[in-house]
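For the record, the sequence lines run as chains A and B.
For the first sequence, counting from 1, position 494 maps to 494 in my numbering; every step adds exactly one.
For the second sequence, counting from 1, position 163 maps to 1004 in my numbering; every step adds exactly one.
Calculated directly from the structure, the hints in this document are not laboratory data.
If you're wondering where the values come from, they're calculated on a predicted model, not measured in any experiment.
Ideal Cβ positions, reconstructed from N, Cα and C, are used throughout, including at glycine.
Possibly wrong hints are sitting among the right ones.
Distance windows between CB atoms, simulated [what the hints assert, rightly or not]:
#1 Thr1211(B) - Asp389(A): 53 to 63 Å
#2 Ala154(A) - Ser1234(B): 23 to 33 Å
#3 Ile855(B) - Ile588(A): 32 to 42 Å
#4 Leu802(A) - Asp1451(B): 50 to 60 Å
#5 Ala819(A) - Ser1234(B): 51 to 61 Å
#6 Ser1234(B) - Leu196(A): 16 to 26 Å
#7 Asn100(A) - Ser1234(B): 53 to 63 Å
#8 Pro847(B) - Ala814(A): 23 to 33 Å
#9 Val795(A) - Glu1379(B): 42 to 52 Å
Far from chain B, some chain A residues (derived; all Cβ distances over 10 Å) [said to hold, decoys possible]:
#10 His10
#11 Glu14
#12 Lys26
#13 Glu60
#14 Val90
#15 Asp234
#16 Asp367
#17 Ser547
#18 Thr611
#19 His782
#20 Thr784
#21 Lys792
#22 Phe796
#23 Asn807
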Amino acid sequence: MSNKIFEEQHVLHELKHYLPTQQALKDFIHHNSLHAFQHMKFYDAINKASKIFGFQVSIELKDFRELYKTKRIREDILDKIISEKKGSNVVIEWKQKLLNAEYDTINQPRVGQLRKYWKEYFYIDLDNEVHPLLFRIICSFLDQGVAIENYPVANKSFIESIKDIEQNSFVSFFKTKKVKELFLSGNYSIESLLQLIVGKQEYFEQYLFDQAFAHHGWSGFISAVEDNPQTLLDPKKINLNEFIVFELLLELDALNNKLGNNWKPIATVTKETAIDLFADAPKNELAKVIEIWQDAFEFSYYDTVMAGILLAGGEDENENKKSFAAIFCIDERECSIRRHIEATDNTCVTFGAPGFFGVEFYFKQQDNLFYDKLCPAPVTPKFLIKEYDAITNKKSEPIYSKDAHGFLSGFLLSIPFGFWAFTKKIQLLFFPKMSPAISDAYSHMDNQSVLTIENKNASDVENGLQIGYTIDEMVARAEGFLRGIGMVKNFAPIVYVVAHGSSSANNPHHGAHDCGACSGRPGATNARVMSYILNNQKVREVLAAKSINIPSSTQFIGAMHDTAADVMGYYDATILNDVNKIQHQKNIQSFETALDLNAKERSRRFASINTKNELQQVRKAILNRSVSLFEPRPELGHGTNTLAIIGRRDMTKGLFLDRRAFLNSYDYSTDPDGAILTNVMKPIGLVCGGINLEYYFSRVDNIKMGAGTKLPHNVMGLFGVANSSDGDLRPGLPWQMIEVHDPVRLLVIVEHKPEVVLKAIQSSDEVFEWYKNEWVHIAAFHPTEKCFYYFKNGVFEKYMPLTNALNTIDDMQAFIESAKEMETNHIVHATKENLEVHLLN
Amino acid sequence: MNQLLPLFIVLPFIAFIFNLFFANKKEKVIAAIAEIGTSLYILSAISFAIMWFINGYTPINQKLITLYKTDGFEFVLNFYYDHITAVYSVVGAFLFFFVARFSRYYMHRDEGFKRFFNTFLFFLLGFNLIIFSGNFETLFIGWEVIGLSSFLLIAFYRNRYLPVKNAYKVLSIYRLSDIALILAMWMLHHLTHQNISFTQLTKASATAVEHQHTGMALFIALMFVLAAVAKSAQFPFTTWLPRAMEGPTSSSAIFYGSLSVHIGVFVLLRTYPFWQDILLVKIIIICVGAITAIVSSLIARVQPTVKTQIAYASAAQIGIIFIEVAVGLHWLALIHFAGNAFLRTYQLLVSPSVLNYLVHHQYFHHTANTSTADNKLKNSIYTLSIKEWNMDSILHNYLWMPFKWIGRQVGFFENIIGRVIIIVLGLLAIAATFLYPIIFESINIYLPIAFMLAALLIILCSFSSRKSSRVAWGNLWIAHVFIICAIVKNTGVLNWQQVAMYASGVTVASIVGSICLYKIKKIDSDISLNNYHGYVYEQKNTAFIFLLSALGLLGFPITAAFIGIDVFFTHIGANQYALIALLALSFLFIELAAIRIYLRIFLGLHKKLDHPVAFRSS
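Construct all of the structure, not just a fragment, from the sequences and the given hints.
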């Protein structure tokens, strides 16, 4: 240890591994906040992460105890977990520990222990000296269009651009001549600078971690830009190395400036030995206690879900005539609208599929200078779909312009703009409505426009991307899509492919509310594209040859559900034949009724809306809320997500799951050997598990792993938010998004034989890691035995729920109205807002 | 109609008191009180303005109550209403109402929901006290109230480091402006030999010319300007404005975007009759305004964050308004104020939307940056603007550091020997002043200065202390003893009533504060001033009581010491420059020292890591 050699590349690599990976906010991609520890078992990983970085990684012990007292954690479940984990003979002993033992809950992190000596030995607050200027410079360099004045040097790397400025300027960013000259000479490296500042090699790694994690937001963002430059529309050349070098130079400058010669490298004055940040962190008893509590908290809910599925005893789909079918995104927010549409029209059927609907491409909106990726983040599409003939004008909002920030223009404009702002204020207080300033899910694509879905010829290429799909490529996607959700026969006359997006105002995190399977964007284009493909005669012919016979009377229609405003838009309805046209009008009515009910169900969590009001009033209030500038919770995003159910709708149709389940349609009977299932399971861990874990960690430590409360956020350079002017970037989710969330891991339930499910999740190491390391729970629901097998320690074991009865909802509206609002957003109170699993009458 | 004026003070006060009685959970009631209060304010502000207009458009001066009266000193609550008040009250009323309504939804479920609305109403009270005030004493109460409520709103997220640090920074600038105002009042009192109301300002100015006291008049006017410049974030104080954007967006919008930051303009407008004939003052105001307008615009241009950009843009416009006031274009200044206030409030409130709006703008209108670093002047201006024209480091190095340095040189006051020495000296001072004044007669003329110097040094020691909070706190009380002795000695006559008013206030505050610190000391052995301890997280009530005692100790208008201090200033002669300078500095730093103790012990990152604690940089 004491003679540890410093290897720059290795340490940089490690740093990048542990830093947050959140990219620019415009494309919000959910991911496991502790992705760096995913190779370890969940409980080992969170324990280690908390020791290294000081994160709170679970609900606090006192809160677990309170949850037990309020019966949210069930005693029978707790006993069962203890006896499973510790043995049935020590249940009483461990229960005593869980409930009453006193533990030292103070967690002193390993990171930050070396750099603190600056203050202790030299009374210098290095963070205060360096951070504000460093953040301002880096933010200016990366800025995407907030500043009026462009950064003076374009198209050069960060360090080179600073060098250019320094060489051609009467003033300097540096305070001391010595450091400025060192910088201009270019005669330095991370190692040489560390030698000056830290002094001893064995401390270098520790120092760099201390430094980077003193502002993990900025360091993480720079690392993310280095790896994904396309996250910034206006690309910037920067890497973590440059950022570290510059910070070290500024530190050296601050030390020389403040202390002159009265300082020594920090490692030479400290008597503490260098800390091995990543040394094993054995679990103490407290960690083991928390582990049991967490399992008990999770299973207190899971048990009722599994019992519910058994009790509801889904009947097989009837073969009667269907009015229509609707394919929604698997998103758990669509769980309730599906329930309501089925209740409104009991002859319709609904499906769930990942919201990019099997078509991956870049989308170029008309007049847009850039491409938007519309598929899951890890996929790199080879296709481009372009929009033309759009007729909506892009409106602008002069008051948002930066014109009023100038000297003279400000003088001339501040008076008229000021009084105009006054009228705007009155308007937004009393008559909120959609405006160009508001992020509108439907503005992503014009509903009258034409898309280049079909490839004309192989040479039709733009920037290396093929424009549109060939028939073969369409067929491959159509077949994969239909087989994935088990829609291979018995087609309804109209099939709606319903994407989702979210409109919200004053919300830098609006991307997190859009479709996760479309890289954080509204999925309307994907819905249109897949509908077009499935309506295509040539595609249908080839599909028929593959024994998927889509009758000519069946037509597919793209649509999009705005999950914040509860509005539904339809695309290309003009193609419908006369019979379907009439039916479509009826269906719209059904959708509208379902949207009313959905709005009502959602409104129970919104303090500004009285759920008991008339349906129409509530619906209007929900719509207003989505365009209200003063509403920090236009919707609640993925908050409360807990389940991913992969199987036929009949499994869950009789259940009230309170919008907590990702519902992915899959028909085991069409896939006896699990070939389709392997594909279906691929994104589940990454997408649903990623969302779930980001919510989990942002919930348990909103201060460090989340973005904190939104209220003071300041938009930085159009790519992130920070508190105040000199703050670090805040990755993660803001408090307003996670307060309804119960921090439990995702439970995936797959309707198939356990051995088939096992084979499917073992198809690749990346997929299997989620389950093997327990970051996501998985259970198989045996379709013929009608019982559950829970995956543990590499095998599926039979799971018998302890719950044997559930309450039934007779009147949905009355039930929703009777639900209580949380007293405070503390977990013990907040979790009460999440309703238990109920059977539907 | 004139009798209605005090209603503008009474209403927010009632609303403020009323709100204290509801728990944080009662969001609807708390917000409703603020909404009803502010809508009544709109109604009354507009109807009063109309009535006033119909009744002949003549300024109203209304004496409410005399709080204290002695020979040559009269502390009166006095109200005044003219076109300036009319504009400020109508604009203010709308903004207050708007933000109250906005915040009702915006602040939902914030753990500080109640605290926000309480501070909001307290601020409203202070704002009205200022704009309706008829004399400097009344205005000064409002001035202090606004200062405190601003501090509390900036440090709203009190368990994070940056809000606390920046709140302190703003407080120190505000305190500078307080002291400037006190000095102006002091000199004005010497100029006119009475406490004058604003209606007498023209006369006061004439008196100065008549008696050839132009130096006095110039000093007074410059102090007005300093007070206004600091409060309105003009050069070289502008950097506090973006740093004040720490609280919820809605509070930043109303306070730092609009109302609070335009109060300096108000003071200039109000005191205009006094300095309208002093050319030098006008030139200074125009220069400061112009420099601010230029420098702030340049800084605004390079800001890569939305709120700081708005802050600098707003400061630049206020610079122009300063010029308008100086050249006498008052209606333009008032309209400009209204426009700027409405615009910046709105821009700040919608600032989170900018991400979406400008990213879309970028989608359709992006043009690549092609700049190269050829233009040396441009680069220099860019670099300087990123560094905010070094305003921060200049203030730090030349304004605060010298005093910190002095404080450190007298650090031995904190040691046991140093404490014995100052206690002995303090007893000697008391003896020399109250018990045996005869014995010390030979050195009498030096004693006030000596005592005052001792007070200042002790205060500076506490101000820069990194050691025991309890010693630093105790020393502040001893400093007060020296101040009392210095003034009494200086006056020569002992007025027991005044001494009692002053001493009772600070002593009670000091004892209560000591008890609070003792309570914390029992929990935690280390409550040194070297670090933030964040005890408000677990000791909310103690923190609140300590805050009140800190305010009491520095003469905030909650104890009789407030009037005592005002009276004391008048006991220093117009030509006693050294003494007044020392006293002013003492009052400047005693506040900073006391609040610093509050900050370090109660605010900032909570030191116990058994729950999530914010990163220091977040």
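query = Hint numbers the structure violates, sorted upward?
reply = Of the numbered hints, 1, 3, 4, 8, 12, 13, 15, 16 do not hold.
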